[in-house]
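S.K.: With chain E fixed as given, assemble chain R onto it according to the hints.
Protein chains in written order, with the numbering used here: chain E, 1 to 340; chain R, 1 to 794.
Since the hints were made in silico from the structure, they are not lab data.
Virtual Cβ for every residue (Gly too), placed ideally from N, Cα, C.
Treat the hints with care, since some could be wrong.
To be verified - Label-pair ranges, simulated between beta-carbon atoms:
1) E:316 with R:630: 33 to 43 Å
2) E:324 with R:385: 51 to 61 Å
3) E:120 with R:478: 22 to 32 Å
4) E:89 with R:704: 39 to 49 Å
5) R:700 with E:136: 51 to 61 Å
6) E:136 with R:101: 51 to 61 Å
7) R:704 with E:15: 53 to 63 Å
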Amino acid sequence: MKERIEELKRSFTEKLPSLTDKESLEAVRIAYLGKKGYIAELMKGLRDVSDKKTAGQLINDLKNEIEGALGARDEELASAAIEAQIRSAKKYNPTLIPERELGSYHPITLATREVEAVFERMGFTIENYAEIVGDYECFEALNIPKHHPARDMQDTYYLDNGQLLKTHTSAAQNSIMKKYGAPLRAIFPGRCFRNESTDACHENTFFQMEGMMIDENISISNLIYFMKTMLSEVFNRDVKVRLRPGFFPFVEPGFELDINCEICGGDGCPSCKNSGWLELCPCGMIHPAVLREGGIDTEKYTGFAFGLGLTRLAMMKYGVKDIRDFNSGSLKSLSQFKSI
Amino acid sequence: MFLSMNWISDFVDLSGLDRRALIHNFTLSTAEVEDIIIKGEDTYGVIVAKILTVENHPNSKKLHLLKVDTGSGVVDIVCGAPNVREGMLVALATDGGAVSGHKITPATIAGYTSYGMCCSESELGISDDNSGIWDIEKDLPEGVALGTDIKDIFDIDDIIFEVDNKSLTNRPDLWGHYGIAREFATITGRELKAPDTVDLSAYDGLPTVAVDVRATDLVWRYSAIKVDNILRKTSPANMRIRLYYCGSRAINFLADLTNYVMMEEGQPMHAFDLKRVDKIEVQTFPMGTKFTTLDGEERNIDDKMLMITSGDEPVAIAGVMGGDASKIEDDTTSLLLESATFDGVSVRKTTTRLGLRTDASQRYEKMLDPELCRTATARLLALLFEYDKDATVISRFEDVYVNKYPTITLEFDRRYVDRYTGIDIPDETIVKTLRGLGFTVSQSGDSFTVTVPSWRATKDVTIKADIIEEITRIYGYDNFNVCTSSMALVPVRPETLKTDEDRMKDILVKSYRMHEVHSYIWSDSAKNAELGIDTPKNVSIINAQTPDHAHLRVSMIPTLLAFAKENRGYKPDFAIFELGHTVEGLRDDGTCLELHKLGAVLYSKTRQEESLFLECRDAVLEICEDILHKTPTFSQGDCDFDFEHPANTFDVFVDGVRVGYISVPHPSVLANIDKKCAVAFFELSTEAFAGAPAGRNAYVQPSKFPGLDIDLTFLGDVPSVRLTAVRKAAEAVSEGLLSSVSFKDIYTDDEGVSALTLRFSFVSQEKTLSKQELAPVVNAVTGELEKLGLVMKA
Numbered sequence: 001m002k003e004r005i006e007e008l009k010r011s012f013t014e015k016l017p018s019l020t021d022k023e024s025l026e027a028v029r030i031a032y033l034g035k036k037g038y039i040a041e042l043m044k045g046l047r048d049v050s051d052k053k054t055a056g057q058l059i060n061d062l063k064n065e066i067e068g069a070l071g072a073r074d075e076e077l078a079s080a081a082i083e084a085q086i087r088s089a090k091k092y093n094p095t096l097i098p099e100r101e102l103g104s105y106h107p108i109t110l111a112t113r114e115v116e117a118v119f120e121r122m123g124f125t126i127e128n129y130a131e132i133v134g135d136y137e138c139f140e141a142l143n144i145p146k147h148h149p150a151r152d153m154q155d156t157y158y159l160d161n162g163q164l165l166k167t168h169t170s171a172a173q174n175s176i177m178k179k180y181g182a183p184l185r186a187i188f189p190g191r192c193f194r195n196e197s198t199d200a201c202h203e204n205t206f207f208q209m210e211g212m213m214i215d216e217n218i219s220i221s222n223l224i225y226f227m228k229t230m231l232s233e234v235f236n237r238d239v240k241v242r243l244r245p246g247f248f249p250f251v252e253p254g255f256e257l258d259i260n261c262e263i264c265g266g267d268g269c270p271s272c273k274n275s276g277w278l279e280l281c282p283c284g285m286i287h288p289a290v291l292r293e294g295g296i297d298t299e300k301y302t303g304f305a306f307g308l309g310l311t312r313l314a315m316m317k318y319g320v321k322d323i324r325d326f327n328s329g330s331l332k333s334l335s336q337f338k339s340i
Numbered sequence: 001m002f003l004s005m006n007w008i009s010d011f012v013d014l015s016g017l018d019r020r021a022l023i024h025n026f027t028l029s030t031a032e033v034e035d036i037i038i039k040g041e042d043t044y045g046v047i048v049a050k051i052l053t054v055e056n057h058p059n060s061k062k063l064h065l066l067k068v069d070t071g072s073g074v075v076d077i078v079c080g081a082p083n084v085r086e087g088m089l090v091a092l093a094t095d096g097g098a099v100s101g102h103k104i105t106p107a108t109i110a111g112y113t114s115y116g117m118c119c120s121e122s123e124l125g126i127s128d129d130n131s132g133i134w135d136i137e138k139d140l141p142e143g144v145a146l147g148t149d150i151k152d153i154f155d156i157d158d159i160i161f162e163v164d165n166k167s168l169t170n171r172p173d174l175w176g177h178y179g180i181a182r183e184f185a186t187i188t189g190r191e192l193k194a195p196d197t198v199d200l201s202a203y204d205g206l207p208t209v210a211v212d213v214r215a216t217d218l219v220w221r222y223s224a225i226k227v228d229n230i231l232r233k234t235s236p237a238n239m240r241i242r243l244y245y246c247g248s249r250a251i252n253f254l255a256d257l258t259n260y261v262m263m264e265e266g267q268p269m270h271a272f273d274l275k276r277v278d279k280i281e282v283q284t285f286p287m288g289t290k291f292t293t294l295d296g297e298e299r300n301i302d303d304k305m306l307m308i309t310s311g312d313e314p315v316a317i318a319g320v321m322g323g324d325a326s327k328i329e330d331d332t333t334s335l336l337l338e339s340a341t342f343d344g345v346s347v348r349k350t351t352t353r354l355g356l357r358t359d360a361s362q363r364y365e366k367m368l369d370p371e372l373c374r375t376a377t378a379r380l381l382a383l384l385f386e387y388d389k390d391a392t393v394i395s396r397f398e399d400v401y402v403n404k405y406p407t408i409t410l411e412f413d414r415r416y417v418d419r420y421t422g423i424d425i426p427d428e429t430i431v432k433t434l435r436g437l438g439f440t441v442s443q444s445g446d447s448f449t450v451t452v453p454s455w456r457a458t459k460d461v462t463i464k465a466d467i468i469e470e471i472t473r474i475y476g477y478d479n480f481n482v483c484t485s486s487m488a489l490v491p492v493r494p495e496t497l498k499t500d501e502d503r504m505k506d507i508l509v510k511s512y513r514m515h516e517v518h519s520y521i522w523s524d525s526a527k528n529a530e531l532g533i534d535t536p537k538n539v540s541i542i543n544a545q546t547p548d549h550a551h552l553r554v555s556m557i558p559t560l561l562a563f564a565k566e567n568r569g570y571k572p573d574f575a576i577f578e579l580g581h582t583v584e585g586l587r588d589d590g591t592c593l594e595l596h597k598l599g600a601v602l603y604s605k606t607r608q609e610e611s612l613f614l615e616c617r618d619a620v621l622e623i624c625e626d627i628l629h630k631t632p633t634f635s636q637g638d639c640d641f642d643f644e645h646p647a648n649t650f651d652v653f654v655d656g657v658r659v660g661y662i663s664v665p666h667p668s669v670l671a672n673i674d675k676k677c678a679v680a681f682f683e684l685s686t687e688a689f690a691g692a693p694a695g696r697n698a699y700v701q702p703s704k705f706p707g708l709d710i711d712l713t714f715l716g717d718v719p720s721v722r723l724t725a726v727r728k729a730a731e732a733v734s735e736g737l738l739s740s741v742s743f744k745d746i747y748t749d750d751e752g753v754s755a756l757t758l759r760f761s762f763v764s765q766e767k768t769l770s771k772q773e774l775a776p777v778v779n780a781v782t783g784e785l786e787k788l789g790l791v792m793k794a
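If we strip away everything but chain E, and leave its shape as in the complex, we get:
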């Protein structure tokens, strides 16, 4: 009996190294530990042994030893298989990005959205407005007299039905005042048209954004505060503003608003023509005649209005040197503007 146990132990130890796959491992497990395997055979033979206890102990030890060795071997094989899988795995290369182009927004859309977001946060209504208007909306309602040069043919596109292409977003002021009445907080971006030859700095079709705020006791002091706050938000820095007198028939007093030049910080550089200031937007207190024409009680209400050149803002923000790129339809230019 003892010899038989020793022999089985020896034969198992010899076989173990040759077990390199699950199938052979299983075959050996069945041969030794199966119902009809060697261990079972030994257990049967125990009947004929005198010192059952010692022999039984030896068989059990052998069984444990085989079970343990097979289990360890099984784990070895499993981890070797995983390692082999890892070694043979396909190597990926994230650096080889196939061309799959993203869509793009027009730069004017992006600039407009940025500005609109600021005003929305400050409780302004965003209005949409027509591109084709009458003489009344574009000029008369804005206190621009009949013989004003702005009405000359060289500046305005006139249509054969007597209407015209709006030359400024201010053309919406009257309609918006009539639509909402006072008090009022609104911005209205839109496309404008001027009959002029195009070059790198001039386009006959461009975008502006007009804003108005009307309430009791709106003052110049409020105007400066709001312009400074809004522009600081738009440019994402604490901008300094300065107001200079400026003449526009629909405001009184009227201002040209400058912001301190970001590039030189106000010391003077080529982009601000050494003045330290950039002329950014005309603004002013809405002319009483304009309020009156919009149906607003000028004894009770005052207000301010401003105009922001969105096309120019987009040029500044993105470093576009030629204004004609905007309407060119050229995707080499326009596809660069993926998101805000």
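M.R.: Same frame as chain E, but now just chain R:
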């Protein structure tokens, strides 16, 4: 406009003040200064000297060797000027000095050393004259010693600043130095001195001048005076320097004098040679005429242009330019001096039609103060007598004052100022500011009454709000305390058209990787012609830059097709879209029917047209689902335009309302875009979206039981199958069990027979469906579909 600080200082004492800081304040209070030019800074060490001897240079025909007396010695000078002569007084730049930045040191010229330089006016930067050295004697006052620095005699040092003319359009009073000086006086709180003038009433007893203003609607005032015995030919040097520094050019004494007064008082003046013009009519020529202006150009005068005539012979275009025949010549000694105010609009229209703008016309366009006519004449005569003592006035001041501006009086109170400014400006400041600017002010308690000075009353200051501007600009916007308003907070309702359009952009850019482009509101008929697209007649621009851009666009698509063609070298596949406006003729009231549109064009060299077409379909579906929560239907429609494909144009409907169409290009148009490419496009009316009621997200509780998908393959006219119709027919007989019908596949065999496979998904809320249970329903469905021409494939 260039302005001289020296000139301004004639009228306001600015001593002790930083000139640059003053100019900066002028920008903030009055008008933007674009440039500051320091004159004379780089010229120094130039003295009055006398040429003692002139010898020819032995080796040069041009050069001369001079001995020059500097007052403290005699120096050798080598000089190349042609006009040197013995005894000549010159401006000599001495060793150690500089001329316009050029340092003077002893220099050897062709073998001889020169210890200085005799300067021309051009070298000194005081005129363009470079014909020879400055013959300084006639410009020197008496008793000037040799060696005197020329800067002690002549106003070579000056600060010139430039103001953009556009920023002065509403301020006729700022078109002369005197008006500018008034601003400086008010800004600094210093006194404004009146210019020296003569008393014109002294000539009241003299003969009249025949002035006949016929076109009374185009003239405010016409005044004239005759002067004789003017012998001086050249203007004094300081006058020439000022004119030159301010961008003008010295011509002769009389012409310079009129320019000088214009640049000082802002009033254009015209001097006619009295020999040729001794009476005046102001009129138009109903039949037009030809007229040669003093620049030698022959001009076509039309019936609207106001003319000055003498004995009905035209002698000047009123307010624009005088005539060649009556201009001041070298031998002119007597003149008829015009000082007039013409209608600004008329002058502007004349200059536009003639393409001729002058310093005079620019000023008239701004609506000049007619009161200036008299002041300007009185000022010109004072200057004339100062420099030419023998000149004699030989007529009275003939003054035809046809139309007068009314005097404007305005009343306001403190509350008004406080409300407009939002800050507290003291009463004294208000009064002082307005008085400084020439307003008369009276105050009673909190109320102010002001009279607007004539030079501000032609159009500039007419209402109370204008007064606010005067007070605040001088107060200084930089000095304002700024504060937020106390406006009530109210929720803001977004404008749906705007938000819809923004969402459309997001969908097309993010889900469909399209590029947004912008174009123009007009059709480009030249580009359309290249594509074989007819440009429909539409509302048109009467003053378009080219006839090709006259008609407004009816559709967004043609421009986008042209863009697609222009971008075909960009990438093999791309898609573009534009949100913009089109015009579809006129409304009943005659105004344009302006519509908001979305147009998109897909282009590919690698994909099939059908695939692009279906992508258009998907985009339209997504837009409708996203914005309206509604599924659109598609039905074959008629082509509205010649660029659409007759077989594959589909109208898009939402709730029975047509919102747009999907199409592919007409084969003849496609061929013009590119030989080998596929294109598809769609156009939606975004207003139709804003008008359509938005649906809701209606929740359907999913069944607890598994559903059953049954794929069925049909034969028939596959391309004309409408899934919506199939679904509708199947639903009708499905006893509420049909949850969806979806497209699986189209298979076309070698003989061209197409088979369509659709998946019918069934589900019950009550139990698990078995195939057997469902068989009658499936039979009913196939029976129904047979009526639509779809036969189950055996």
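S.K.: Against this structure, judge whether each hint is valid.
M.R.: Okay, the hints, checked on the actual structure:
About 41 Å separates the C-beta atoms of residue 316 (chain E) and residue 630 (chain R), a value consistent with the hinted range of 33 to 43 Å. At about 59 Å, the beta-carbon gap between residue 324 (chain E) and residue 385 (chain R) stays in the expected band of 51 to 61 Å. Under the hint 22 to 32 Å, the C-beta atoms of residue 120 (chain E) and residue 478 (chain R), about 30 Å apart, fit the expected range. At about 42 Å, the beta-carbon gap between residue 89 (chain E) and residue 704 (chain R) stays in the expected band of 39 to 49 Å.
Taking the beta carbon of each, residue 700 (chain R) and residue 136 (chain E) are about 53 Å apart, inside 51 to 61 Å as hinted. The given range of 51 to 61 Å is respected by residue 136 (chain E) and residue 101 (chain R), whose C-beta atoms sit roughly 58 Å from each other. For residue 704 (chain R) paired with residue 15 (chain E), a C-beta distance near 56 Å keeps the hint of 53 to 63 Å intact.
Of the numbered hints given earlier, the model fails none.
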